[in-house]
Every structure is written in structure tokens, then in C-alpha cells.
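*Asks:* Protein chains in written order, with the numbering used here: chain A, 1 to 262; chain B, 1 to 145.
Since the hints were made in silico from the structure, they are not lab data. One should not assume that every hint holds.
Unchecked claim - Just a few of them, taken from the derived set where beta-carbon distance is under 7 Å, the chain B residues facing chain A: (1) Thr8; (2) Ile10; (3) Ser24; (4) Arg91.
Claimed, not checked - Over the 10 Å line for every Cβ pair with chain B, so calculated as not near, a few chain A residues: (5) Arg101; (6) Gly108; (7) Asp189.
Note that CB positions come from ideal geometry on N, CA and C, so glycine has one too.
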Amino acid sequence: MADRKKQVAYIDGLSSVRAVRRSGRNADGTHYRPSSEKLPVVETPSDPQPVKPAKRIGQTALPAKFNLICYECGFRFVISGALKDTLCPKCHAVLSARDHRINSAWSGVIRTVGTVSILPGANPEGGSITTRLLVLEADAGSASLTVTDTLELCTGGSFDPTRASLQDVSVRADHCVLVRQRLQCRNLDLHGELTADVAVTGLLTIRAGGCLRGSAHAAHWTVEEGGGVCARMTIAPGEPHAPATGDCTPTPPRKNSSRKSK
Amino acid sequence: MENDKKRTVIADDVEITGTIKCASAIELGGKLNGDMNCSNSVTIGASATVKGNLTVDTVIVMGQVEGNITAKDKIDLKSTARVNGDIRARRLAVEDGVTFIGRSEVNPSGTRPAGDGKTAGPETPPSVPDSLEDANRSKGIFGKK
Chain A
1 MADRKKQVAY IDGLSSVRAV RRSGRNADGT HYRPSSEKLP VVETPSDPQP
51 VKPAKRIGQT ALPAKFNLIC YECGFRFVIS GALKDTLCPK CHAVLSARDH
101 RINSAWSGVI RTVGTVSILP GANPEGGSIT TRLLVLEADA GSASLTVTDT
151 LELCTGGSFD PTRASLQDVS VRADHCVLVR QRLQCRNLDL HGELTADVAV
201 TGLLTIRAGG CLRGSAHAAH WTVEEGGGVC ARMTIAPGEP HAPATGDCTP
251 TPPRKNSSRK SK
Chain B
1 MENDKKRTVI ADDVEITGTI KCASAIELGG KLNGDMNCSN SVTIGASATV
51 KGNLTVDTVI VMGQVEGNIT AKDKIDLKST ARVNGDIRAR RLAVEDGVTF
101 IGRSEVNPSG TRPAGDGKTA GPETPPSVPD SLEDANRSKG IFGKK
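With the rest of the complex left out, here is chain A (with noise of 0.2 Å):
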């Protein structure tokens, strides 16, 4: 009763129908009446269906995560998702990620925290190459060597370990590869196979696939069924083997400007 009273300001929606059956009538004049016609049944299933659970996910998706070391500073600083140029957290050089393919003769000077590739056909004449990651498919000859993360060796890859300082070193599958001269290491990962002396501080892995001939001092060693092994071995944990050679950390250049000491 109310409503009949409220003068409605506005026209909408609701206001026109109150105002419809008020009158009695529809739009087009014919009485009001509720509809006899029935709305259609919805058929509700008797027996509900199971909820199928979702297809669960296993597992984050993470970013990948880089370990870098400045190559001016020697600072170490991990970075995650895409690996691009970046600044040192410590001296804020400009570390550049730029990836560098060696395929022909070459001298000069890489500093990277990407990929180096000496590719088959290359002929390093002295140099230097300090990168993250190293992959050698032919011989690298008197070039100077800074790896600080992994050294990937393929067949027809060689290279002077005096000259080289190495963290992990690895033998990609279905690869050949025999070093001359005592390989020494932090960690060896084979895939391939690989003749040589190696001592190594940390872990030796030998893969389904891989072999390994020659000589091996290593603290840990691991196996798995489907590696060969054709060497003298002396794996003992807790024992102390020679380090590495050399300290990857590059060395940072000399300033003669004087620092302020905290």
C-alpha cells in the first residue's frame, strides 16, 4: 500500500512493473494474469557426479637461479630468472651475459658471465676467457682459461689444465675426450666418456653411458648402473685430495686510488 502512495521519481525496471500489475493489465492491454504456462523442469541427475579433482600440480614452477662471480671484484651473487647483462651487488661493474662463439683463429680477451663455445674449426692464439660457462669442442690451445661454473668438454676438445682454472667439469654424452695432463677439479660429471687422470675434491659421477679410463683421487664417487669404469680409483670421504688448481675467483684489477676502510 506503501508503494502506491510513492510518487516514483524515477522510471525503471521496477517501477514499471509494480506500475503494470497496478493496473491489471499488461503492455498490450490484455488483463494481468500470471502466466499458466509452466517452466520447463529442470532434470536434476538423481545421483550427483563425483567431483573429478583437479590435476594436481606436482610442483612450482621456480626460476632458474645463476650463480655469478664479478670477474672485476671476485664478488659471488646468485641472479634468478633470465640471465642478462647485470651489475655487480658489491663494485656495480657492468658484468656482461653475452654469449660468444670461437670458430675460427681468434686472440683477444672474453669476459662474460654467459657461454663461451670453441667451436670445431677455431684456433685460439693466446688469449683469455673468463666465463660462467665454457664449451669446448676443439683445442683451445695457450688460451687462458677462467671457468667459474661449468667446463663442458666434446669430442675434439683439449685444452692445458696449467692454464685453466676449473670448477665442474663435465662430459657431454655420446663424447670422446682425452686429457693429457692431470685434470683437476671440483666436481667431474660424466656422460661421455673420458681418459684421463683426474683428481677431484668433491663429487665424481659416472652416468648411465659414461666411462672412465686413466686414474681417479676423488672424496666421493657415485655410479650409476650403466657407467664403466677401466680405472685406478681412490675414492676416500673425509680425506683431504689437492684443490683444485688455482682459484677461480678472478683476480680484480689493481686501483691505485686509495679506498676508504670502514
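Given the coordinates of chain A, work out where chain B should sit on it, guided by the hints.
*Replies:* Chain B only, in chain A's frame:
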């Protein structure tokens, strides 16, 4: 078939001096001062000590072995294994933590086990340096040092 069901268990307080020959599986928990020849699987327990050579079909080592191990099939060195001697087998599996001093001659071609779908192997045979090649020619795996 009957040998596969039989199993000999040697307790950890047993000490044997001599040679053990067996056709069934053996589980050694004690001490053995001598050789063992078994055409079945052998398990060297964590508290077991063997001073002698093992010639077996399959061996799982969790204890201490001072001698050579020759297996027709597989040698499995668990993390508590301590082996001082040479090993020779068709297959090898080693866990982290193993102490091993000796020479190994296992799966020289580096072929993966069957069912992997991949046949690994060197594309080009490596050129062995003269020193290593001569060493391999002059003395066998169990040759005098």
C-alpha cells in the same frame, strides 16, 4: 631353481677361516678370513668383514672387503661399503659415501642397461696415451703392482 630359494645367513658374531663355496645365496654378517666362491648372490652386511677374494654372480657390499671382487653380473656398493682391492663385473652401481681403493674393470664400453632405448658408446675411439696403453698391456687387472 631350488638354489634361488635357499639362503645361507651367517650371523654377525660368526668368524670363519677358510674358503666358502656355495651355490645358493649367502648373507654374510660376520668375519670371513678366506675366499668365497658363490654362483648366486652374496650380501656383505654392514658389520661384515671379508679378508679374501670374492668370486660371485652378484654382490651387494655394505661392509668391509679387503680383496678382489669378481662378479659375473653386478657389483653394488652401498654407502657404508669399504673395499680395498680390485673389482671386475659387467655392471656396477656405487652410492655416495663408498670408500674404494683399487682398480676397476667394469663395463668398459659404457653401454647403458637394456630398456633405456639409447645405446651409448663413443663415436670415435679415444687415442690412449702411450703411458696408459702400456700400463694396460703389461699387467692385467689383478697383476702385480
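*Asks:* Identify every previously stated hint that the structure contradicts and give their numbers, smallest first.
*Replies:* 1, 2 and 3
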